[in-house]
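**Q** Residue numbers (numbering that gives the first Met the number 0), protein chains in the order written: chain A, 0 to 431; chain B, 0 to 431; chain C, 0 to 431; chain D, 0 to 431.
Just so you know, these hints were derived from the structure itself, not from any lab.
All values reported here derive from a predicted model rather than from experimental measurement.
Wrong hints could be hidden among the right ones.
To be verified - Pairs of lysine-lysine, BS3-like flavour, derived with a Cα cap of 27 Å:
hint : chain 1 : residue 1 : chain 2 : residue 2
1    : C       : Lys161    : D       : Lys106
2    : C       : Lys346    : A       : Lys385
3    : C       : Lys124    : D       : Lys204
4    : A       : Lys204    : B       : Lys161
5    : B       : Lys124    : A       : Lys204
6    : B       : Lys380    : D       : Lys332
7    : B       : Lys385    : D       : Lys332
8    : A       : Lys257    : A       : Lys114
9    : B       : Lys385    : A       : Lys66
10   : D       : Lys66     : C       : Lys380
11   : C       : Lys403    : A       : Lys257
12   : C       : Lys66     : D       : Lys380
13   : A       : Lys257    : C       : Lys387
14   : C       : Lys204    : D       : Lys124
15   : B       : Lys346    : B       : Lys408
16   : D       : Lys380    : B       : Lys257
17   : B       : Lys380    : A       : Lys66
18   : B       : Lys7      : C       : Lys18
19   : A       : Lys124    : B       : Lys204
20   : B       : Lys66     : C       : Lys118
21   : D       : Lys161    : D       : Lys204
Said to hold, decoys possible - DEER-style ranges, computed between Cβ atoms:
hint : chain 1 : residue 1 : chain 2 : residue 2 : range
22   : A       : Ala200    : B       : Glu410    : 53 to 63 Å
23   : C       : Asn59     : B       : Asp117    : 25 to 35 Å
24   : C       : Pro15     : B       : Tyr253    : 22 to 32 Å
25   : A       : Asp338    : B       : Gly81     : 23 to 33 Å
Unchecked claim - Derived contacts from chain D toward chain C, CB cut-off under 7 Å, selection only:
hint : residue
26   : Thr147
27   : Thr220
28   : Leu358
For every residue, glycine included, the Cβ atom is placed at its ideal position computed from N, Cα and C.
Number of protein chains: 4
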Amino acid sequence: MIPRYSRKEMASIFEPENKFKIWLEIETLALEKMAQLDIVPQSAARTLREKGAFDIDRINEIEAEVKHDVIAFLTSVAEHIGEDSRYVHQGMTSSDVVDTCFSVQLKQAANILIKDLDKVLNALKKRAEEHRNTLCIGRSHGIHGEPTTFGLKLAGHYAAFKRHRERLVRAREEISICTISGAVGTYATINPSVEAHVAQAMRLKPETVATQVIPRDRHATFFVTIGVIASSIENLAIEIRHLQRTEVREVEEYFDTKQKGSSAMPHKRNPIGSENLTGQARIIRAAVIPALENVALWHERDISHSSVERTILPDALISADYALNRLAGIIDKLLVYPDTMIENLEKMNGLVFSQAVLLALTQADISREDAYLIVQRNAMKVWEEKGKMSFKDALLSDSDVTEKLDKGKLESIFNYKNYTQHIDSILQRALN
Amino acid sequence: MIPRYSRKEMASIFEPENKFKIWLEIETLALEKMAQLDIVPQSAARTLREKGAFDIDRINEIEAEVKHDVIAFLTSVAEHIGEDSRYVHQGMTSSDVVDTCFSVQLKQAANILIKDLDKVLNALKKRAEEHRNTLCIGRSHGIHGEPTTFGLKLAGHYAAFKRHRERLVRAREEISICTISGAVGTYATINPSVEAHVAQAMRLKPETVATQVIPRDRHATFFVTIGVIASSIENLAIEIRHLQRTEVREVEEYFDTKQKGSSAMPHKRNPIGSENLTGQARIIRAAVIPALENVALWHERDISHSSVERTILPDALISADYALNRLAGIIDKLLVYPDTMIENLEKMNGLVFSQAVLLALTQADISREDAYLIVQRNAMKVWEEKGKMSFKDALLSDSDVTEKLDKGKLESIFNYKNYTQHIDSILQRALN
Amino acid sequence: MIPRYSRKEMASIFEPENKFKIWLEIETLALEKMAQLDIVPQSAARTLREKGAFDIDRINEIEAEVKHDVIAFLTSVAEHIGEDSRYVHQGMTSSDVVDTCFSVQLKQAANILIKDLDKVLNALKKRAEEHRNTLCIGRSHGIHGEPTTFGLKLAGHYAAFKRHRERLVRAREEISICTISGAVGTYATINPSVEAHVAQAMRLKPETVATQVIPRDRHATFFVTIGVIASSIENLAIEIRHLQRTEVREVEEYFDTKQKGSSAMPHKRNPIGSENLTGQARIIRAAVIPALENVALWHERDISHSSVERTILPDALISADYALNRLAGIIDKLLVYPDTMIENLEKMNGLVFSQAVLLALTQADISREDAYLIVQRNAMKVWEEKGKMSFKDALLSDSDVTEKLDKGKLESIFNYKNYTQHIDSILQRALN
Amino acid sequence: MIPRYSRKEMASIFEPENKFKIWLEIETLALEKMAQLDIVPQSAARTLREKGAFDIDRINEIEAEVKHDVIAFLTSVAEHIGEDSRYVHQGMTSSDVVDTCFSVQLKQAANILIKDLDKVLNALKKRAEEHRNTLCIGRSHGIHGEPTTFGLKLAGHYAAFKRHRERLVRAREEISICTISGAVGTYATINPSVEAHVAQAMRLKPETVATQVIPRDRHATFFVTIGVIASSIENLAIEIRHLQRTEVREVEEYFDTKQKGSSAMPHKRNPIGSENLTGQARIIRAAVIPALENVALWHERDISHSSVERTILPDALISADYALNRLAGIIDKLLVYPDTMIENLEKMNGLVFSQAVLLALTQADISREDAYLIVQRNAMKVWEEKGKMSFKDALLSDSDVTEKLDKGKLESIFNYKNYTQHIDSILQRALN
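Looking at chain A on its own, in the form it has when it is part of the complex (with noise of 0.2 Å):
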């Protein structure tokens, strides 16, 4: 994580601070618990309620001695609340509150990345209607190949994101959960209630069954759902990219008025956001090994995920969030340039009617193989001139052509309404 690419209420979600926090009242929930069931004195349940505190520097001190993090942690609370500390904890394993914790962690970072998720939604959904009829070339291969528009291009994008929504509503869900099973996961130290008390009250679910851990198949889910993402961010940004390179520009990202685009080549405008998020994609996706490789633990538990989490996976999610909330930004302050796309989309002088003209031929009784070559043959003439020739005018010097089509018919098929006239109807399906 590097402060360039975070945003502070994702990074905070991975302070000590908070974590400690959650830690703090997982232990207090339990004992509260503990204290209904009679197993501890209702005091100590007070006691920590009321006095529990920590304090970070003491617990880091600590640490370096014990070399183990939740104990440190327990002695600092002990610091404050004094005896009745020793029913704190009680029956419970590491584990329990470290993993529990991880839980609602992810679960707050979740509910950002899905506000996130919005923003990009709401900035594809305003500019998809916006430039809804917004005519331009579709490309395949990054070969012009038929019109499209503008305001569908990002509807399909919308629709990928809205799939990604769901998907991380689910993923949140499956890590939505509470263990609080002792030390291999058999209740045997602390009564089942006490984790179905502190699972409600945090709104988790208990684990099936833990081992001494939530089994890491859950985190792992939670990756590579984020992993998916990045690769849509990836697939937008390169959009974007491609539009705004000088030959094809027919969008821009917004360009501040003092921004420098090069410290050489003072005519520069570069769409390093984009660029950006390209990495980001990157970034976020090198998470999705070491998750999966997370899984596999020994036995009871391992600890070699443990790493893993505190280095890895919250900079997976940092990078998600930043590069969700630049995307929104960048979407919304885009510079598309309509006109561009009309200049582009006739680039090729006609061409992009090929397979309409094709439809035609067949339609009008010559067999496919045959309607085709005609068609290449005439294709490949404006090709070759790079669009200096109409491709409407060598059809119409083409006798095999014109002995089918009459030139009323070509002019019906070079008609750009014919590619739009079910805009509308695709557009209602995603965006709403």
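Here the structure of chain A is known, so what remains is to put chains B, C and D in place on it, guided by the hints.
**A** Below, chains B, C and D alone, put in the same frame as chain A:
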């Protein structure tokens, strides 16, 4: 994919035969709908339904020339049905066929994998119930922790695979998608009701917004889900490998009477099944990054994803199918040695009760910190003598302990029953 | 591996035939040395050398029973040579044969890949020299930067592939390793001179310390090297795809007269070769993580690496061989359009000289900051009009500029020659 | 990067302070050469050398506005040196500074990592020599194989890390690269001798062909090399974790007297160092895929690589430095229990000699196949009784054996010395 690790049913999904059969069905259904809409003659649709066929060798021959697989296929079909072929594929783009077919293949694969998961679940459930009360040691960090049962261990894996089943059902849903929307997804040359018809007939859903292709975040979601399953396969495989290692030997993979463990050492019985599964997990997960890299296609699509989908992705599914089946077999026939489990459990001569003693001391009015030191100092004595001295005896000779806990109390603590009291309710929750 | 993307020479390395041939040679060489040391009869070595043979179907049959491939192989050999078979493999362990064979296979593969790299290097060199002075625009961020030449572009890729050749030669060296050291690498049952003999005869080096196997950091090093090569293949493939996109179209992949670009759109000529290479790069890199995960085997070895090495690793090599050959072909036959390159270069009407103007101003006593603002403000005018106004004219009408730079000075700045003055010396350095 | 897993020396390489210091040195050296070439005044170079300085807060302030880090840096330097600042960076592009600096940073990091590897090598060598003859069991598949020595085990890891040292020295060489070649690598605005001067002064080599940047295949090679090292760290860490597990316990990580193994179970001494290293390996390897994805930049460069290089790559290096140091400490202080090694070695009551018996039988004129069956059938008896019966006794009561091998022969076979006869020569080869 290599025959050694592939099962026929799964492998055949990715054979040309199956692929072209699905292509033909898609084209036929589409044509039938077009006939119904009076876009093409009814007779054409009937001809295709009745005489539609293809010849794989011929397709390969044509493809070598035109370098386009769908055109090669259509030409081969044309050679079977004659003149009506002109109506086939009308207004459609290759991806309409290829991508819808890929959806069907992934769905077929998912169906098999779900059956595979059921085999694993059944085996795990059977053995979990069988060993519900088979005591063994629970280990964290590879070090003895506290008693548990072998049934609980298996129930934990059962719960993980049950989660996987749910995830895979959802992933199948996500990929059960049809697109017949033309060159850049605008339906410019094809009526949307054709897509609706094909989708319904093939039990798929129409894509919200296709570009030229079905967006690859769907496929990525499918393959990362398989990747997480792979990690759980690895997790269980590693558990078995650990339990079979010579010093532990609580279980053994079934060893055929004619089997040979080593060319050099005739005494060997190795957990080669589980070791193989560990490798298979790596093979399956190898699809994850390529699947994620496949999402960011250029504009309305580029074809970079295609070679990946022809190579790595079937490999992953074939391996997953093989691995789940092999895993089910290993669990089903696993040799379990309860006596050795008890032997190992008692190896540390009572140390596994250390937490229980700690709790009893804190409940007897010693601070957690002091109690910890008292228990630890006795534990370390036993530890260093590798269990030659009994932990109970050590405690009984420590006056700081006996002042607070009498012999009867200690006896009640050193009781395995304390650790199995909740097993039934956990298994109830997990296995149903 | 799928036939579509595999070349015979490379694929055959991983066929059973080749593998068993190498196994037989290793066993024969080892036996010959043992005979020379009088550990086994001379006649046994002669028999194996003369009559040694195997039968693949028979091996498969036996393996199905004993579940051990080396034992199955040895049994098949025994069926060919009779009684003397007792001496074969004496004191050796399976991995001595399997791992030494894998080294030979990787060396064979490396030899092919080095030849492949040479093909790519030759094609790049030829085209780089051909287009040494073919002016085109250099782009950063996808945005026009400054003039360069197409030859220099290609020379950069040449330099990268030359580095790869050196890396691969080293990686081949690293993997040219023999081990014949017995069950756990102690030579307890085999004289070290046997290993030395086999190694020398097969042009390998003995492993420093084998466990049972050759340590997998060697293989990992080999496959990560291939992975980096894949990324450079991708890099060049993406360059071509960019240059071929409709709006740029400075190059085109060779397009066969009978080729069809799209089933729907007869006008299409797509860079499918380079797109395929982009996918192949993903396939090749898919071996990287599994190869790294294969390093940490348990104790003296476990067999988890084996299935990975049977599946993913050959796939990566077969893909790498295919990709490098296809790349060489694409470069060799690439259609290059120098006129379009000039057209694109001039598209921004002189903006590409912005840095040169900036430098001239700073040298004429304007501070860098002021000069930057002056140039940028003129550049942005041209930029916003998309090159309809000439940058030179804009500058000439700005008195802050003309005060410092007269028209003659500006003319001398707006000269492509300034950008190509060092091309020859760079190419001299790169291509030799 | 989190403080918990970072060492100051390595972390400071990636601090802004170090980065800007290197930037300043590059600019200064470049200016000095330009002055020598009479391109800029001598006094300007002297001013920069003498007064050149920067202010990090100020840089951040400026960057927030201009959104370009190098421009912000240059402005801050300008504020320190005044008018002469106009000559600074003249004809250079940002990447000339940024990329050359990154090379220097990677070289600094490599230097530390090489020292770290030396620490690991020293620790391994010391302990390998100390335990040269410490007998223990060698295991394949986690199953007892044949005797070896603990020194030989360590020597194998020594050899691997020695290979890594050589690889890292080469990777450092590969990345010790300077580029000062201007906006698209043509030296259009900067004399190549400036690059040569900076390179020589900073002990780097000029890039063969820079585009705008140093090609990322160099950096990828560097990070995949680190990734392979990570896997060997994991390999050794897993060996220790295995040897420390309760049932084996042949070694233990040093356990501080004040250390606490578990908050719940006071008896625990866990191999947390090695477990942590297992996780660190995942963290380090997380850089591999992003580094590979960074290679394929668009045209002369895009900036997608930059955020990856700011985030993941330093993380990997900081983790690698931490991990190697921790590993050296673990090996250095590792508690080794030779008695337990002997106990475990003898656990299978002689089975580990099975191959030796097999060899003796085949040398006594029994076919390999028959001998295998004879030995296996006796071995399985011992195996099934878990070593309660002695393998030697089993053989002595099998007439098929005693017919061929008398008791004296068997005694000579059941001798550990046979397994250690070559240890000295292997260690001689490995450790020197």
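**Q** Determine for every hint whether it applies to the structure shown.
**A** Okay, the hints, checked on the actual structure:
1. C:Lys161 x D:Lys106: holds (22 Å)
2. C:Lys346 x A:Lys385: holds (16 Å)
3. C:Lys124 x D:Lys204: Measuring from Cα to Cα gives roughly 23 Å; hence the hint holds.
4. A:Lys204 x B:Lys161: holds (16 Å)
5. B:Lys124 x A:Lys204: Given that 27 Å is the threshold and the Cα spacing comes to 23 Å, the pair holds.
6. B:Lys380 x D:Lys332: holds (21 Å)
7. B:Lys385 x D:Lys332: holds (20 Å)
8. A:Lys257 x A:Lys114: violated (30 Å)
9. B:Lys385 x A:Lys66: holds (24 Å)
10. D:Lys66 x C:Lys380: holds (21 Å)
11. C:Lys403 x A:Lys257: Distance of about 24 Å is within 27 Å: holds.
12. C:Lys66 x D:Lys380: holds (21 Å)
13. A:Lys257 x C:Lys387: holds (24 Å)
14. C:Lys204 x D:Lys124: This hinted pair holds, its Cα atoms lying about 23 Å apart.
15. B:Lys346 x B:Lys408: holds (23 Å)
16. D:Lys380 x B:Lys257: Holds, at roughly 15 Å.
17. B:Lys380 x A:Lys66: Roughly 21 Å separates the two Cα atoms, so the pair holds.
18. B:Lys7 x C:Lys18: holds (25 Å)
19. A:Lys124 x B:Lys204: holds (23 Å)
20. B:Lys66 x C:Lys118: Roughly 23 Å between the alpha carbons, so the hint for Lys66 (chain B) and Lys118 (chain C) holds.
21. D:Lys161 x D:Lys204: Satisfied, since the Cα-Cα distance of roughly 26 Å is no more than 27 Å.
22. A:Ala200 x B:Glu410: 53 to 63 Å: violated (37 Å)
23. C:Asn59 x B:Asp117: 25 to 35 Å: Since the Cβ atoms of Asn59 (chain C) and Asp117 (chain B) sit about 31 Å apart, the hinted range of 25 to 35 Å holds.
24. C:Pro15 x B:Tyr253: 22 to 32 Å: holds (27 Å)
25. A:Asp338 x B:Gly81: 23 to 33 Å: violated (49 Å)
26. Thr147: holds (5 Å)
27. Thr220: holds (5 Å)
28. Leu358: Since chain C brings a Cβ to about 6 Å from Leu358 (chain D), closer than 7 Å, the hint holds.
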